[in-house]
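S.K.: Model the full assembly from the supplied sequences, consistent with the hints where possible.
Chains A and B, in that order, are what the protein sequence lines are.
Letter 45 of the first sequence, counting from 1, is numbered 91 in my numbering, and no numbers are missing.
Letter 441 of the second sequence, counting from 1, is numbered 781 in my numbering, and no numbers are missing.
Incorrect hints may have been included.
Okay, the calculated beta carbon distance ranges per label pair [said to hold, decoys possible]: (1) B:F792 x A:K72: 48 to 56 Å; (2) B:W743 x A:R115: 50 to 58 Å; (3) B:W764 x A:D67: 44 to 52 Å; (4) B:W743 x A:K72: 19 to 27 Å; (5) B:R379 x A:R64: 26 to 34 Å.
Which stretches of chain B does chain A cover? Using the computed rule of at least three CB atoms under 8 Å from a CB of chain A, they are [claimed, not checked]: (6) 401-414; (7) 506-513.
Please keep in mind that the hints were generated in silico from the structure rather than gathered at the bench.
Ideal Cβ placement from N, Cα and C applies to all residues, glycine included.
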Amino acid sequence: MCVMENSQDDYPANKIIRLWDLPLGKSATVNSIQAEGITRRRMLDLGMVPGTIVEAIRVSPAGDPKAYRVRGAVIAFRKEEAHKILINFKGE
Amino acid sequence: MSRGSLSTGLNELLKEANQLNPGGSLRLNDSMVSTIYSRAEEIAGRVVTREGKPNIDWDKKLDDILTSRFFGFPSMLLLLAVIFWITVAGANVPSKILATGLFWGQERLTELLYWLHAPAWVNGFFVEGIYRCLAWVVSVMLPPMAIFFPCFTLLEDMGYLPRIAFNLDNLFKKAGTHGKQSLTMSMGFGCNAAGVIACRIIESPRERLIAMLTNNFVPCNGRFPTLIALAGLLVMGVATSFGATIIVVGIVLFGIVTTLAVSWVLSKTLLKGVPSSFTLELPPYRKPQIGRIITRSIFDRTLFVLRRAVCVAAPAGAVIWLLANINIGGVSILAHAANWLDPFGQMLGMDGYIIMAFLLGLPANEIVMPILIMSYMATGSMIELDSLEALHRLFVGEHGWTWLTAVCMMLFSLLHYPCGTTLWTIFKESCSFKWTALAALIPLGVAITVCFVVAQTVRLLGWA
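M.R.: Take a look at the structure:
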């Protein structure tokens, strides 16, 4: 898969970061999910499969969780979960 | 097919599966889900037509305020305060009208029994016992419920509740519990038994138990009338329903802080563990459906809770009347018990009658206040009670209440054990005597400690 190649070279136009680090208002595509068990299952059920477009839209006033737009729905992930989702992010 | 060939067939299948998915890696599952989603996407793209985006994105605008860094928490508090204020201010007049009407009915019943030459105990047992207790429960509870439940259902229907979970989740995470606990707490405002049942939405058994054990710290609808009446007493002559609202909001906030603190202690001791994963959908806001809100809040909630209260209040009224009218050594059983409990009550800033009312009110918190009024009246000189002013005369004038008594009773009401129905629900949900017992003992311990500390501190400082 092209994913594997991307993780090797590190040019700034398209880098792999954690979903948690996606700036508000920016979009990216899901690269892979590192969670396991029920959490992984739940993320897949929400449609977080490789290639899915996600947009960071807001952060809780308490700083955690953050809300993301996924396939037309708004889903909130805690920091722990958003750390386990890797995304392909184009540009700053 | 024989057993042998079945297992050979299965083995071959497993071998083939292993070839396609070496080592049983996650890749197969993932590619299945991916395929399902891409197929669904393809079908949806063919058949679903989307309307163009509206000019103003109201969802975004609303969320920008309700979950913003600066207005997120204040707007939550404000909404809570507005709902309580509407309830407090709106319930006064209908409560008075209901009380006047129902006590007019009591006089007519007494006249009827007199005309029938019924013995005095019949009037006492049925009219002064059962009917009067029912009349109080209905006039004290019905108006606040009929206002509070629709307001709350309105917020629920509009889709605001998940925003509360979104705002507060970090606090729950720090307490070692699940963000969905704020949703079960919201249900608890209506009824703790409903809140305990709502805990089923929390998957992790550890977090579910914590949510069940602490749901009691959210004042349910059965306790709101008590809190509202006591808050009204506290500010009487000084401030209006606005002041009472502030006090009730303060009590609710104290309940939330207690919930977090007790949850934290539980997740560090009895129910050790790390918070499980949390994903929460923030659904779009919806235009409230007024018809559905009214049927759901009035029929499913208000009348349901009222019926339960009435079922409990009728026998309770009879028991109180008997306790107050059967004398041993010239003093009623009620007075004996209250006197015996008095030192304990005084230690907690209250008196024996209040403790007695909480004990007898175990079946339903709604009847604590009516029981207290009945016990006081049975030993006092007042027979009519139809306003807050009359309540003030009875409590402060005849039974020596201070502001500390009212505050301690509010705190005790907020923190003490859940009602019988909630305990029964906890037993059914947890299938464990141990957790049911703890669900009563933990809050009781907290209530006694808090009231003791408050009462002793205030007295030591000479404030009351």
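S.K.: Is it true that W764 (chain B) and D67 (chain A) lie within 44 to 52 Å of each other by Cβ?
M.R.: holds, 48 Å
S.K.: Do the beta carbons of W743 (chain B) and K72 (chain A) sit within 19 to 27 Å of each other?
M.R.: violated, 55 Å
S.K.: Taking beta carbons only, do three or more residues of the stretch 401-414 of chain B come closer than 8 Å to chain A?
M.R.: Answer holds; 8 residues pass the 8 Å Cβ test.
S.K.: In this structure, is the beta-carbon distance linking R379 (chain B) and R64 (chain A) contained in 26 to 34 Å?
M.R.: Distance hint for R379 (chain B), R64 (chain A) holds at roughly 29 Å.
S.K.: May I ask you to test the hint 48 to 56 Å on the CB atoms belonging to F792 (chain B) and K72 (chain A)?
M.R.: holds, 54 Å
S.K.: Within the assertion that chain A covers the stretch 506-513 of chain B, do at least three residues meet a Cβ-to-Cβ distance smaller than 8 Å?
M.R.: holds (count 7)
S.K.: W743 (chain B) and R115 (chain A), beta-carbon distance inside 50 to 58 Å?
M.R.: holds, 51 Å
The structure fails to meet hint 4 from the earlier list, while all remaining hints are met.
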